[in-house]
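Working from the sequences, and respecting the hints, build out all of it.
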Amino acid sequence: MHAIAIDQGRYRRRSWAPLRLAAPMTRPPAASDGFAEMIGRIAAHADRAAFAALFGHFAPRVKSYMLRLGAEPALAEELAQETLLTVWRKAAAFDRAKAAPSTWIFTIARNLRIDAARRARRGDPVEDPSDVPEAEPTPDAALAAAQSVGRIRVALLKLPAEQAEVVRLSYFSDKPHSEIAEELQLPLGTVKSRLRLAMGRLRELLGDLA
Amino acid sequence: MTTPTRHPSEDLILDFARGALERGRAAVIEAHLGACPACRAAVRFAEAVGGALLEELPPADLAPDALEGALARIETPPPSPGSALAAPDDWIRVPADVLDAARGNRRFSAPGVWVAAFTGTPRRGARSYLLGIDKGIAVPRHTHDGKELVCILKGAFEDRGEVYQAGDFIESDDRVEHEPRVTRDGECVCLVSVDNSLVPRSLMARLFQPFVGI
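Taken in sequence, the protein lines are chains B and W. At position 92 of the first sequence (counting the first as 1) the number is 92 in this note's numbering, and the numbers step up by one without a gap. At position 2 of the second sequence (counting the first as 1) the number is 2 in this note's numbering, and the numbers step up by one without a gap.
Note that these hints are calculated values from the structure, not bench results. Possibly wrong hints are sitting among the right ones.
[As the list claims (entries may be wrong)] Within a straight-line C-alpha distance of at most 27 Å, the following computed DSS-like cross-link-like pairs (lysine-lysine) qualify:
no., chain 1, residue 1, chain 2, residue 2
1, B, Lys-175, W, Lys-147
2, B, Lys-192, W, Lys-135
3, W, Lys-135, W, Lys-154
[Unchecked claim] If you want the footprint, here are the derived chain W segments under chain B, 3+ residues with CB under 8 Å:
no., stretch
4, 20-34
5, 37-49
6, 55-64
Fair warning: this is a prediction, and the values are worked out from it, not measured in the lab. C-beta atoms are modelled at their ideal positions from N, C-alpha and C, and glycine is treated no differently.
Now the structure itself:
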């Protein structure tokens with residue numbers, strides 16, 4: 001547990017403040033198609049150049065994600081590397097009809113972090129617990145996953161600021177919403193309703209996608 | 001197998017997608033997802049929001065040799081797939097690590113009852129376990145300290161006049177008293193995650209608890 005312990009207080013404010021300044025659209029949404037191609041090339045012929053390109057884009061973001069969630073820099077770096085190595089190993093399992101590359105990589109990073117917390121408690125070997133045997137892609141999955149991330153980013157920009165804030169805080173923290181509410185000095189009900197409104201609004205803005 | 005009719009709350013779906021649940025709790029949700037296309041779609045949406053947020057994070061500096069290090073590590077052969085065991089035919093799909101626990105940690109607890117620890121320490125604090133109960137057996141009336149999440153992996157049980165089937169997800173807290181009874185059709189297996197211990201409400205339950213260790 002100590003490995004991902006959060007530096008209380010000092011970490012709290014910094015965890016989200018810089019986010020609001022980050023320019024969200026640094027890369028055109030179409031890029032995710034390129035990333036899907038690269039994952040395909042890894043799966044098809046162990047393409048190291050494709051891996052390097054994916055690493056260059058995603059590893060620094062995954063590290064940033066881990067840092068925001070309170071990981072020590074060394075662990076954040078290790079988990080970022082492990083996330084991309086998992087992309088390499090599981091490239092053949094990536095299904096672009098189901099998820100955009102960044103969505104898939106987000107879930108890998110998320111699972112590795114949860115597993116790191118568990119291992120820190122038990123001293124177990126590395127293992128990605130995310131191998132849920134998946135059902136056939138159903139019509140729900142036929143969503144245009146490749147474009148979904150770009151569209152969600154545009155939709156996020158259209159959210160009222162206070163709703164976007166709780167969405168970001170919620171994804172970049174593993175704290176229960178009651179603690180997030182404390183940090184924002186808001187009633188829990190307000191945080192929850194903002195979050196629900198935001199997710200509902202995103203779904204609306206995305207229409208068929210959600 | 002029919003589609004489950006009892007689902008995790010919207011809050012839990014989001015907590016799962018954002019990574020706020022420890023493995024024991026997440027696995028109960030995952031087990032339900034394996035059986036429920038509607039919740040799978042909801043999770044995918046929430047995960048796509050996570051993907052979009054990941055994209056907009058400012059990149060952190062990596063060690064100068066980070067890529068080199070990663071490329072060196074892909075030379076080494078990937079670890080063996082481990083235990084990619086298939087779930088028994090009459091179970092819903094379950095995560096591999098849950099299946100491992102079911103096979104490796106299974107212990108007889110009381111006549112007609114077995115328990116297999118999955119996460120946490122038995123009898124104390126947050127933990128999860130598989131619980132298998134023979135047909136027709138009733139678990140004595142009890143409630144819980146804190147929240148309990150259950151997904152039925154196989155079979156069915158009745159509780160206060162309702163029938164709960166494989167794939168169903170049940171969330172209860174200390175306001176709910178149960179007295180579940182496994183239906184006559186066959187054994188029922190559940191994946192259970194609890195915050196705290198079970199609080200027996202009857203003498204029978206007090207006798208039952210030490211055996212089962214829940």
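Hinted pair Lys-175(B) and Lys-147(W), Cα distance within 27 Å = holds, 16 Å
With a cut-off of 27 Å on the C-alpha distance, tell me whether Lys-192(B) and Lys-135(W) pass.
-> violated, 41 Å
In terms of beta carbon proximity below 8 Å, does the stretch 20-34 of chain W have 3 or more residues touching chain B?
-> Coverage by chain B holds here, the residue count being 9 at a Cβ distance below 8 Å.
Verify the proposed pairing of Lys-135(W) with Lys-154(W), using a straight-line Cα cut of 27 Å.
-> holds, 11 Å
Mind checking, does the stretch 37-49 of chain W have 3 or more residues with a CB under 8 Å from chain B?
-> holds (count 10)
For the stretch 55-64 of chain W, does the count of residues with a C-beta closer than 8 Å to a C-beta of chain B reach 3?
-> That given contact holds, which follows from 9 residues of the stretch 55-64 of chain W lying within Cβ reach (below 8 Å) of chain B.
The structure does not agree with numbered hint 2 stated previously, though it agrees with all others.
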